[in-house]
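Participant: With these hints in hand, go ahead and build the complete structure from the sequences.
Each chain is listed here by its residues.
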Amino acid sequence: MFQVIKKIIQYPRVTQDYPAKPFDTSLTSGKPVIHSEKCTACGECVTRCPSGAIVENVDTNTLEINDNACIFCVLCSEVCPHGAIEITGEFELAQMTYEELGTQLKKKIEKRFGRSLQIREVDSGSCNGCDYEINALNNPFNDIERFGIHFVASPRHADMLLVTGTATRNMELALLKTYEAAPNPKLVAAVGACACSGGIFQDSYAAKNGIDTVLPVDVYIPGCPPRPQAILYGILKAIDRL
Amino acid sequence: MRFMMNKQESNSMNNKQNELFARFPELSMSEIHGNTLYLESNASSYHTICKDLNGQLAFPLVSMFASDDRERTGSFTIHTVFANRQSGILISVALPVDPSTSAFPSLCELIPAAALYEREIHDLFGLRPMGHPNPKRLVFHGNWPKNQYPLRKEFPVNQRPDFADEKIEFTRIDGEGVYEIPVGPVHAGIIEPGHFRFSLAGEPILNLEAQLYFVHKGIEKLIEGKTIEQGFYFSERISGDETFTNSLAYCQAIEKIAGLQVPVRASFTRVLFAELERITSHLGDLAGICQDVAYGFASYQFKMLRGWCYRIADELCGMRFLRSVNTPGGIRKDFIQGKEETLTKLLAELKKELTETEAIVMHNSLFVDRIENTGILKHKIAVDLNATGPGGRASGVDFDVRKAFPYEAYASLTFEVPVQSDGDVSSRMKVKLAECFQSISLMQQVLEQIPQGIVREEIGILEPYRSAYSLTESPRGENIHYIMTGENNTILRYKVRTPSFCSWPALCHAVSGNIVPDFPLINKSFNLSYAGNDL
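If you read the sequences in order, they're chains A and B. Position 115 (the first sequence) corresponds to 115 in my numbering; numbering is contiguous. Position 13 (the second sequence) corresponds to 1013 in my numbering; numbering is contiguous.
One should not assume that every hint holds.
To be verified - Output of the computed footprint for chain B on chain A, the stretches with three or more beta carbons under 8 Å from beta carbons of chain B: (1) 45–52; (2) 59–69.
To be verified - Only pairs whose alpha carbons sit at most 20 Å apart, straight line, appear in this in silico SDA-like list of lysine to any residue: (3) B:Lys1226 / A:Thr47; (4) A:Lys31 / A:Arg48; (5) A:Lys6 / B:Lys1351; (6) A:Lys186 / B:Ala1188; (7) A:Lys7 / B:Gly1307; (8) A:Lys7 / B:Phe1367.
Treat the hints as calculated values from the structure; they're not laboratory data. Positions of the beta carbon are idealized from the N, C-alpha and C atoms, including for glycine.
Facilitator: Laid out in structure tokens, this is it:
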């Protein structure tokens, strides 16, 4: 028992360490950006992108990256012969720190839902990467419950569904039933490239291209997988829609 | 270094080859490639060969799959793979299957573990295993129409047939007072989907049938015809928390086909990443075990340590799941350069904290009482079903791919393989804890011994119709990938057999006789991957 108390005192709040201690993010693989002044639209990245996320805009004859399909593999920046694609350290619109995000979110949740937001997570055919990141929201570093967000065991208790994966044929019915079981008003967030667009698994015989082919989706959270911070940001965005 | 056999290996290889020739003089030894023997067989010799390899020589069945070679040879081929773990050799037996009959002899009678593989082959290729005791559907549920076989070459990858409505029956246990509990596919926790059908009498579980493949995405079909480069990204997305080990197996198979040896610095770096992935995975499992018995303090302690591992990953490559690190021919960048000191410090912190946590947790008698004698996987069942990794080692299966089929820099590093014999949750927890320390030690050794140099070689264009097997020890056990190249630097056939595929049936045996509330605990102690099984 003494040892346990010692440990509790030794790490009183690891939670705050995370945003306060910056990492070396120079290598962090975030969102790719095409610098149009260097890009010659040669199409090398378009043919080599494994998830077909880079598309040509025929009107302007420029290349654009579809964030929802991007799997953040950084291959495009490596193959570009003109060095026009830069991988930014930005993992999806996370200008705010985790704490700032959480505090804003807490205020909104109090206003819209009384006190807390209940979330049901559904895996509709992911590689389990996104699920581990959603799980990580509960770890002592992120500790999402302090913002009034709680993961529940049944869709009947849920205000929001966090759906990962590409809506496989075998999960389609279960996903629909889960959605129908959640009481109105409800929100749906598509988490990760697969849920947003099918990601790398698009056009498969066994799955659909993203969950919006099955359910109405309120917010898309790109990433492969998105970081816990990006998921939190997505939840914040979703609440704005109510 | 890896696939160039040293003298001892090549001697043992020759002995094995001679032994096999003596046994089957009619065999044509078609090819020997690195550590793999390729044998040709026919409908009459197939059964005898498999019986001898598995029964008399006691080589376990490690993989079995089909390939559609009608365009080249006019027939389908069944590849049945056995492993000689003493001398580190794979034996792949090929059996041509005539498309007009589409039938092949089942091995279930000889090898119980073959049952699942054969059901999978039937669903994906439409080849019927003759004499299979229970040939019901595996990959597809009732919604898939009959006579549609997606892995046949003529089936277009994006064809989505209409939903059928067939009911697939579960195994029924009859008797007075026997009832069923259906669970899933959407579970109470934040985990992957799968359906569990428990049959019970009173409290104890009589039988558990797991219906999986809810996350079947068709990876093996999607990858066909893709370039070597694009295929790599599929291998990274087979199972999220086994990203590195799967990408490593893919790269090794490609390098083996190309006859390329990766630079020494890259092979050391790969060990570091593979061990980081192992310890991250194990710490998550340990946290889960503690959480499922409501031991909050210990659970948060392990979750914190897992968080520290993510910090190391971020420090190294900026990817929490170690994606975009590997590449066929080496690794993408020199990730370790200039970070040795920080890493050494972080590893020392991790080791100290883990030692202190272990002392507290494993001396809590209330906790130990709950995990001992729970969910026992018998040694015999573990061997028969080829349960490997921590689940197998906790039941006395003394096998580790890193020792038996050394790859990358493992041969030049020192480590032990922890083995327990009781096969309960406690044993699996002990094995995982011990492996965490071994992983830390391996990472420290890498940082001390890693030589300077380049980290990447170019692969170039691969010859068509060359194939290779590669093995890695994933956090969950023995992981086998098979690649056959096609024309224009593409992939013709990719077969992944992750350890979860073999261990799911073992888990179903381990829960027999336990009570339903202990199921989450037993499940977590194995922590098998649904995505890795369903593909």
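Participant: State for each hint whether it applies.
Facilitator: Results of checking the hints against the structure:
Restraint check on the segment 45–52 of chain A versus chain B: 3 residues with Cβ-Cβ distances below 8 Å, three needed, restraint holds. Evaluation of the coverage hint for the segment 59–69 of chain A: breached, as 0 residues show C-beta separations to chain B shorter than 8 Å, against a requirement of three. Between lysine 1226 (chain B) and threonine 47 (chain A) the CA atoms are separated by roughly 11 Å; this keeps the pair inside 20 Å, and the hint holds. For the hint linking lysine 31 (chain A) to arginine 48 (chain A), the alpha-carbon distance of about 17 Å falls within 20 Å, and the restraint holds.
Of the supplied pair hints, the one linking lysine 6 (chain A) and lysine 1351 (chain B) holds, its CA atoms being roughly 18 Å apart against a limit of 20 Å. For the suggested pair lysine 186 (chain A) and alanine 1188 (chain B), the alpha carbons sit about 19 Å apart, so the restraint of at most 20 Å is met. Proximity of lysine 7 (chain A) to glycine 1307 (chain B) is assessed by CA-CA distance (about 16 Å); at most 20 Å being required, the pair is judged to hold. Straight-line distance between C-alpha atoms of lysine 7 (chain A) and phenylalanine 1367 (chain B) comes to about 18 Å, which keeps the hinted pair within the 20 Å bound.
Of the hints listed earlier, the one the structure fails to meet is number 2.
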